[in-house]
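Novice: For what it's worth, this note's numbering labels the leading residue of the sequence shown as 11, then goes sequentially.
There's no promise every hint is true.
What the hints assert, rightly or not - Below, in silico cross-link-like pairs of lysine to aspartate or glutamate (EDC-like), each with a Cα-Cα straight-line distance of 20 Å or less: (1) Lys110 - Asp131; (2) Lys116 - Glu141; (3) Lys116 - Glu40; (4) Lys118 - Asp24; (5) Lys170 - Asp158; (6) Lys56 - Glu87; (7) Lys116 - Glu15; (8) Lys118 - Glu30.
Calculated directly from the structure, the hints in this document are not laboratory data.
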Amino acid sequence: MTLYEEWAAKSQGDAAQPAEKFWKDYLPREQKIYEHLLENKKNSIKTTVAGLACAHNLAEFEAVGFLDGISGALDEEHSFEDALGGTPVNISFNFEALFKKMVEYKAKHLYSLPQWENIFDLDTRKQLMREQQQSGTVIRDRKVSRNDPCPCGSGKKYKKCCGMND
Numbered sequence: 011m012t013l014y015e016e017w018a019a020k021s022q023g024d025a026a027q028p029a030e031k032f033w034k035d036y037l038p039r040e041q042k043i044y045e046h047l048l049e050n051k052k053n054s055i056k057t058t059v060a061g062l063a064c065a066h067n068l069a070e071f072e073a074v075g076f077l078d079g080i081s082g083a084l085d086e087e088h089s090f091e092d093a094l095g096g097t098p099v100n101i102s103f104n105f106e107a108l109f110k111k112m113v114e115y116k117a118k119h120l121y122s123l124p125q126w127e128n129i130f131d132l133d134t135r136k137q138l139m140r141e142q143q144q145s146g147t148v149i150r151d152r153k154v155s156r157n158d159p160c161p162c163g164s165g166k167k168y169k170k171c172c173g174m175n176d
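Generate the whole structure from the sequences, applying the supplied hints.
Specialist: This is how it looks when you write it as structure tokens:
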């Protein structure tokens, strides 16, 4: 079983350890990593999977899970599905993209960390949050009614022009 497969299995839970217990144990340690990165304004990680795990008191499969979770904010696309303990980790990420990903995943415990104050002021954080929330909003054009002018510009009513076959 690969580290990624172990991560997937443990994070979904089983009879030995339900998912709720796994996440209760893991999330505070994940939060410490983000606190460290934000406190130090560190937007890159250069180590190995095992080095990341050791530095942050994680199992290697949890380090792979962390890397998979942060992958949406990385400057370059990476896959950690085949990662091993000795696999080099050389990643960089954008703080703006990271903040937006946290908002997208509804990870309030992460996007409301006080360490974000070192990166963005309150107005910027609010703006980023608004942008991310609006990015998932679909705004549809007003539907053309039968008696409206045809959108093709012919000057005819829609029902006598492009809507004739509807």
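Novice: All the hints need checking, so say for each whether the structure fits it.
Specialist: Quick rundown of the hints versus the structure:
1. Distance restraint check for Lys110 and Asp131: the Cα-Cα separation of roughly 15 Å lies within the 20 Å cut-off, and the hinted pair is therefore satisfied.
2. For the proposed pair Lys116 and Glu141, the alpha carbon gap of about 14 Å is at most 20 Å, so the pair holds.
3. Between Lys116 and Glu40 the CA atoms are separated by roughly 15 Å; this keeps the pair inside 20 Å, and the hint holds.
4. Between Lys118 and Asp24, the direct Cα distance comes to roughly 26 Å. Violation of the 20 Å bound is thereby established for this hinted pair.
5. With a CA separation close to 10 Å, the supplied pair Lys170 and Asp158 stays within the 20 Å bound.
6. For the proposed pair Lys56 and Glu87, the alpha carbon gap of about 15 Å is at most 20 Å, so the pair holds.
7. For the hint linking Lys116 to Glu15, the alpha-carbon distance of about 24 Å lies beyond 20 Å, and the restraint is violated.
8. For a cut-off of 20 Å, the pair hint linking Lys118 to Glu30 stands: about 17 Å separates their Cα positions.
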